[in-house]
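Position chain C with the ligand relative to chain Z; hints supplied.
If you read the sequences in order, they're chains Z and C. Those letters in the first sequence? Residues 1 to 324, per this note's numbering, in order. Those letters in the second sequence? Residues 1 to 308, per this note's numbering, in order.
Derived by calculation from the structure, the hints in this document are not laboratory data. The beta-carbon is built from N, C-alpha and C at its ideal position, and this holds for glycine as well. Check the hints yourself; a few may be wrong.
Said to hold, decoys possible - Within a straight-line C-alpha distance of at most 30 Å, the following computed BS3-like cross-link-like pairs (lysine-lysine) qualify: (1) C:Lys-249 with Z:Lys-214; (2) Z:Lys-23 with Z:Lys-100; (3) C:Lys-249 with Z:Lys-46; (4) Z:Lys-110 with Z:Lys-100; (5) Z:Lys-214 with Z:Lys-180; (6) Z:Lys-180 with Z:Lys-194; (7) C:Lys-249 with Z:Lys-180; (8) Z:Lys-214 with Z:Lys-194; (9) Z:Lys-100 with Z:Lys-196; (10) C:Lys-249 with Z:Lys-33; (11) Z:Lys-196 with Z:Lys-180; (12) Z:Lys-33 with Z:Lys-23.
To be verified - If you want the footprint, here are the derived chain C segments under chain Z, 3+ residues with CB under 8 Å: (13) 102-111; (14) 118-126; (15) 176-186.
What the hints assert, rightly or not - Looking from chain Z toward chain C, a few residues come up when the C-beta cut is under 7 Å (computed): (16) Leu-34; (17) Asp-55; (18) Ser-61; (19) Gly-124; (20) Ala-125; (21) His-128; (22) His-129; (23) Pro-300; (24) Ser-301.
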Amino acid sequence: MTVLTLAKALNEGLRAAMDADPKVLVMGEDVGKLGGVFRVTDGLQKDFGEDRVIDTPLAESGIIGTAIGLALRGYRPVCEIQFDGFVFPAADQIITQLAKMPLRSLGKLKLPVVVRIPCGGGIGAVEHHSESPEAYFTHTAGLRVVACSNPVDAYTMIQDAVRCDDPIVFFEPKRRYWDKADVELGAPGLPLGKAKVVRSGNDVTLLAYGPMVKTCLESAAVAEEDGRSVEVIDLRSLSPLDMGVIAESVNRTGRCVVVHEAPVFTGLGGELAARISETCFFRLESPVIRVGGFSTPYPPSRLEEHYLPDLDRVLDAVDRVLAY
Amino acid sequence: MVVVIEERVLGLTPVADADLGRMLRIRHFERALLRLFERGQLNGTTHTCLGQEHVPVAVSGLLDPDDYVFSNHRGHGHFLARHDQPDALLAEIMGRAGAVCNGVGGSQHVYHGRFLSTGVQGESLPVAVGVALRLKRVTPGRLACAYIGDGTWGEGSVYEALNMAQLWRAPLLVVVEHNGIAQSTPTTAQLSGSIAGRAAGFGIPHHRIESVDVNVIRAELEPLVTLARTESRPVVAEIAVHRAGPHSKGDDTRTPAELVAAAQGDWQPRYAEAFPAQFARLDEEQRASIGRIVDDVLIRPASVWERS
Ligand SMILES: Cc1ncc(C[n+]2csc(CCOP(=O)(O)OP(=O)(O)O)c2C)c(N)n1
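Isolated chain C, as found in the complex:
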């Protein structure tokens, strides 16, 4: 009964332990990265997905192991929602033994099984179309899923890819994590029209999801994913999110009011309030687990580059 009242108040439904565990794993992973930076144990560029963890967790629940995933600069969550290997990803980012790709790719260029990321905006989409076409021919029903940000809709390669995907009926799921900002530039200052309108221009089905509830997102995504699989065609799922952290590190230009709004849009405190017991249990579990992983990876030797 208690749950029902909280649902009404907060508009959230209870999420399975496995999903919440993954969301919290990603959260603690990203926080650990920022701490490592602060302590000077990690350097370079990194983009955390704080506030956006639920999206890849929702999406991954609908993906088949044979589907391909194309990720971007903000890709740790995309990887961890699909692969339960936070130690291998951390080792990759830190260049330590046991790294997903021997520490060659770092944070933004991960290649693992059917997961591929690139830090150059828009670059992945045409490649995803190619992979989708191959999947269509060889394993009908499988798709390529590409995550991109709203800012990336400025890049021309996005449109070349969408045109070809629709023309050639490529089973492509484009997941747009619409956080309303690209680095420091708000979407209103860089996107004319709308993503829906742009998809419509190519005759590509589009659906925008406003919820931060994994169950709702999944339910709304499902028909689109099914369409891509059964009719072999591209679809665009636009999911409204909030970037709870900086773009990279210490480079947030948003006003205090904007930061408050972003924090309010974050799924995590809302979920913690709605389902405190489950949250506390899994939060502690993941905090401890990531803590152990950080300690372990920190004392590993450097990764070795070997051609296979």
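The shape of chain Z in the complex, shown without the other chains:
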């Protein structure tokens, strides 16, 4: 076991993936010498060379487009988008080419491209540096969208993502980059598409992913002091959804709260609530309640504590579903 931060776990995962397969490339703005803004690619250029760890110009559309071309000819590029808000110049390539080519060719073309995006707020930064754009991508057929929440998953999920033949948007919870955990290097993890029950309980199911998993675990611990048994599920895969694990839990608890940082309006919580009402209707004791951000641009740092879901807002939602 080695104690690693989430950022370092990703770094070790990328290192293992590059060791395992010479076709794996890393590319993005300042990923080489700087090792990326969050140092996720720290040292990789030194160890694997400039041909495999490529500092690109400031050109998000070009980065993803080039990665698609490289992938068409057998490479497995891992692209870093520096911050969530800078993925939009690349949205065209991701949505109209990366997602669609494999579908259009009925799977004959494989595009094993991983688009890594640090996401979410909580680091005191402003718009473009604190956003949660996952719903734009889950709405796009043909993409796998995943989010890691802790160092152990980060280490295995990034390797699984690189090995996977599908295009993947890989969200990394920015404010959890410095969280530490024991990671067993070389050990496999839960498959990429699987959700995970990270805390068992019987009264309410909390569904979360990325940065909000920790918030939900903390909320569940506090709820327990009040005699409430709260189950927490880390979705891990946002598209496709692992409905088996979700439905099993909600059918048992009868109550569900979805928590994400992204605005509630047409966020992933809406899809989850709908799917749960379709699958668990006869077992539900209350409506599914969503806790999330507001329909505003991400506010400057001074206001982010009002924007981001916290213990109070999650516990309040737990109270509300239990009040039915």
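Okay, now just chain C with the ligand, sitting in the frame of chain Z:
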């Protein structure tokens, strides 16, 4: 006579008090920000324009109040060279009462009169073309000025904008602050050809300025600005500068030798040496003034978001 010798040695001419005052105001403002970060009184992202203060001061001297200015992530100097409101900008960055836009925009998204900034590289240029076209129709002779870095020439939107600007004859002044680096990546590792060549590809007049002397920069800029105004067309002014500070905070990857070169290219110590009396007087004035502003803004209440 003394001045003449120093001019020869250092290649600098004396700058008007008003200009030097603004350059030093920007310098002290940016230094104050970094200090506030160090003390934990400010957080988030900020990009200071240390070493580049003279560019917006030179440019602003040629701008009309009706011209529009589009700024980027490194925009405090662009704002302060045009608007004598350091307290309002600091309040904006800190989210305190009296902020330029109620603390909603922060460091990178300032909207004030005819000033607009965005932190997303390349995003502003097409918008500037649109504004320039409107100016051309309604107030001929006015222009839109957009500041961008050399690294931003990697973004595709820059070329869509230049094409349309030239096609439709938009009075657009693109000021390229060429500091030779984008975050950690040197220009040589990310720009093929040259900015001159790229402008030429669209038939857009381009001029590169090497000087750090505000008077020289202004004199060399003037014909370009006049061309944009009188012939209504886009022009590109590329100004060589040095980034004297980190990209953001504590993230400088340059070698000690590169840092020495950047420091040597900084206008400030050179000017201080060339014109010590004027420099000392205005430096002290601005240091004290920014110090007072910081003290004042720090004790202000939080800004209030109100729709107008
Ligand atoms: C579309 C986009 N991608 C990435 C970034 C992150 N970023 C902020 S500044 C910067 C470097 C900009 O370099 P340059 O244009 O040369 O300006 P300088 O910072 O040197 O003033 C980068 C990559 C961004 N702001 N926008």
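Verification of the supplied hints:
1. C:Lys-249 with Z:Lys-214: holds, 28 Å
2. Z:Lys-23 with Z:Lys-100: holds, 23 Å
3. C:Lys-249 with Z:Lys-46: holds, 24 Å
4. Z:Lys-110 with Z:Lys-100: The hint holds at about 11 Å.
5. Z:Lys-214 with Z:Lys-180: Given that 30 Å is the threshold and the Cα spacing comes to 12 Å, the pair holds.
6. Z:Lys-180 with Z:Lys-194: holds, 22 Å
7. C:Lys-249 with Z:Lys-180: Given pair Lys-249 (chain C), Lys-180 (chain Z) holds - Cα atoms ~24 Å apart, limit 30 Å.
8. Z:Lys-214 with Z:Lys-194: The given pair, whose Cα atoms are some 18 Å apart, holds under the 30 Å limit.
9. Z:Lys-100 with Z:Lys-196: Holds, at about 29 Å.
10. C:Lys-249 with Z:Lys-33: Roughly 17 Å separates the two Cα atoms, so the pair holds.
11. Z:Lys-196 with Z:Lys-180: holds, 19 Å
12. Z:Lys-33 with Z:Lys-23: holds, 21 Å
13. 102-111: holds (count 7)
14. 118-126: Per the Cβ count (4), the hint holds.
15. 176-186: holds (count 4)
16. Leu-34: Where the cut-off is 7 Å and the nearest Cβ of chain C is about 4 Å from Leu-34 (chain Z), the hint holds.
17. Asp-55: Since chain C brings a Cβ to about 5 Å from Asp-55 (chain Z), closer than 7 Å, the hint holds.
18. Ser-61: Interface hint status for Ser-61 (chain Z): holds (5 Å vs cutoff 7 Å).
19. Gly-124: holds, 3 Å
20. Ala-125: holds, 5 Å
21. His-128: This interface hint holds because 5 Å falls under the 7 Å limit.
22. His-129: holds, 6 Å
23. Pro-300: holds, 4 Å
24. Ser-301: holds, 5 Å
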